[in-house]
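With UniProt numbering applied, the sequence shown corresponds to residues 1 to 520, in that order.
Keep in mind the hints are simulated off the structure, nothing from the lab.
Glycine included, every Cβ here is placed at the ideal spot set by N, Cα and C.
DEER-style ranges, computed between Cβ atoms:
1. His125 to Gln218: 51 to 61 Å
2. Ser30 to Glu4: 11 to 21 Å
3. Leu263 to Ala93: 47 to 57 Å
4. Lys250 to Lys134: 42 to 52 Å
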Amino acid sequence: MNIESADIIRLIEQFLKEHNLHKTLDTLQSESGVTLNTVDSVDSFKDDIVNGRWDVVLRNSEHANIPHSKLVDLYEQIIIELAELQDVGPARALLRQTEPMDIVRNKQPERYLKLEQLLTRAAHHGTDTVHTDKHAKESRRLEIAQKLAGEVTTAPPSRLLTLLGQAIKGQQSRSGSAARNDAAFDLFHGETLVQSLDSAEDKIPEKLLTTVKFPKKQHPTALAFSAKGNYMISGSGDGFIEVWNFVAGKLAADLPYQAEGSLMMMDGAITSLAFSHSGDLICSGAKDGKMKVWKLKSGSTYKRFPAAHSGDVTCVCFSDDDSQVLSGGIDGILRIHGLKSGSMLKEFHGHSAAATAAMFAGDMRFVVSTCEDGHVRIWDAITAACLHDIIPGTDAGGLIIPSAHSVMAVLGRPESFIVGTRSLAMHMFSTSGRLEKTFAVSGKVECNEFLAAAVMSKGKCVLAVSDKSILYGFDIETGSALEASHKVCDTEIIGVVAHPSLNVAAFFSDDRHIPVWISR
1 MNIESADIIR
11 LIEQFLKEHN
21 LHKTLDTLQS
31 ESGVTLNTVD
41 SVDSFKDDIV
51 NGRWDVVLRN
61 SEHANIPHSK
71 LVDLYEQIII
81 ELAELQDVGP
91 ARALLRQTEP
101 MDIVRNKQPE
111 RYLKLEQLLT
121 RAAHHGTDTV
131 HTDKHAKESR
141 RLEIAQKLAG
151 EVTTAPPSRL
161 LTLLGQAIKG
171 QQSRSGSAAR
181 NDAAFDLFHG
191 ETLVQSLDSA
201 EDKIPEKLLT
211 TVKFPKKQHP
221 TALAFSAKGN
231 YMISGSGDGF
241 IEVWNFVAGK
251 LAADLPYQAE
261 GSLMMMDGAI
271 TSLAFSHSGD
281 LICSGAKDGK
291 MKVWKLKSGS
301 TYKRFPAAHS
311 GDVTCVCFSD
321 DDSQVLSGGI
331 DGILRIHGLK
341 SGSMLKEFHG
351 HSAAATAAMF
361 AGDMRFVVST
371 CEDGHVRIWD
381 AITAACLHDI
391 IPGTDAGGLI
401 IPSAHSVMAV
411 LGRPESFIVG
421 TRSLAMHMFS
431 TSGRLEKTFA
441 VSGKVECNEF
451 LAAAVMSKGK
461 CVLAVSDKSI
471 LYGFDIETGS
481 ALEASHKVCD
491 TEIIGVVAHP
501 SLNVAAFFSD
511 DRHIPVWISR
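Using the sequences provided together with the hints, build the complete structure.
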């Protein structure tokens, strides 16, 4: 198969035209000698002429590169109709400053002079002297439309992107690989951006990938990545839950309900979010104590819990088999809810302040929770009895207890978990309550405490974000701080989530942006 170089140039010219890069388009046409000669629709082009939409007609005829000699009748008709409307300025510009009318002046001077005289009369004596018969005008427009329609062609829109997309799919089909339809593709390296981010080892995200932007006066209040890593979900103060293509920083267009402008929504502000391990369900908790489980693909409600807590549902988490949801509330109570029955199965009492995070541990034999008062509790998941009450990170005198804000599972360590506190240290414990490791910054630092934390996908690195929005990383095996540390946003961080399989982390605060960072 032979492909003409002129056809490739036309594909580029169409792309430039569709993206309003008109100066670049003109330069390319001038240097290559290849003109586009297309309009979006021949029928629409004719219809615009017949109905006198001259601004559209002039723009399309210019981009279609119709020979100037063929445009004389069109320009003459436009000048006459502008004169009739007493719009003399644009009519004179069209007569005196365009190449088609230069041809008339040089080759048909009498015809040109009549148009000059017409404009003079219109300027001095009004429209009565240049009035044209309506039927004659319509007939003339139709004649011009039919004549010019033969000079232009049409082509399907976005041909360059369509052909590139088909080529990529063909390449993936032959190689046996596949990518999601909305996955960003690196044409130069021949791989999706998600594939290029995959790594055998955990790395600190050091490069801004994209920023998700919320409407003014709104900001994210909760964030989560899907277990399969396809999506990122956010909740906000207006009760909306949105599913994002985190690579593009846009709403996931492959979900029909979002493509149609519909979103998942709760009555109260969203305070917590979690994905099921299958990636099919989303659990959301709200400020009014309600909790819902949603079907991701349809956006429909799967299960309602109208009174999960007496106030804010501060944290939610699916069980390992996705049959239950663990929730914590501002009331300090933890509850396990059955997805099949839709009822509460277990209740855990003991915290004296708001629960801040909770998770299942030890193959669902335990529940671990953190509290604003700094206590970490390990519970028997069957009996709901408190097995251990831990206070990590107290000072030497035991007088200051930093609030605990997060509890995180570690891949490959089912009997261990990491607790983040509002100090410059995090701690790893076993389900027996034994302190296994402490992760702390040493030396002089430009911050006072860590506000949020997350474990990276391979379970080798834990991230912490300070009150100055500086990101730190620690090696889980050695406990040592990793060298890279940098600022991830300009406002104080509320939370951070790590991607389940890639070196990607997303951050949210009380401004309207979600910066998504990747490793280099």
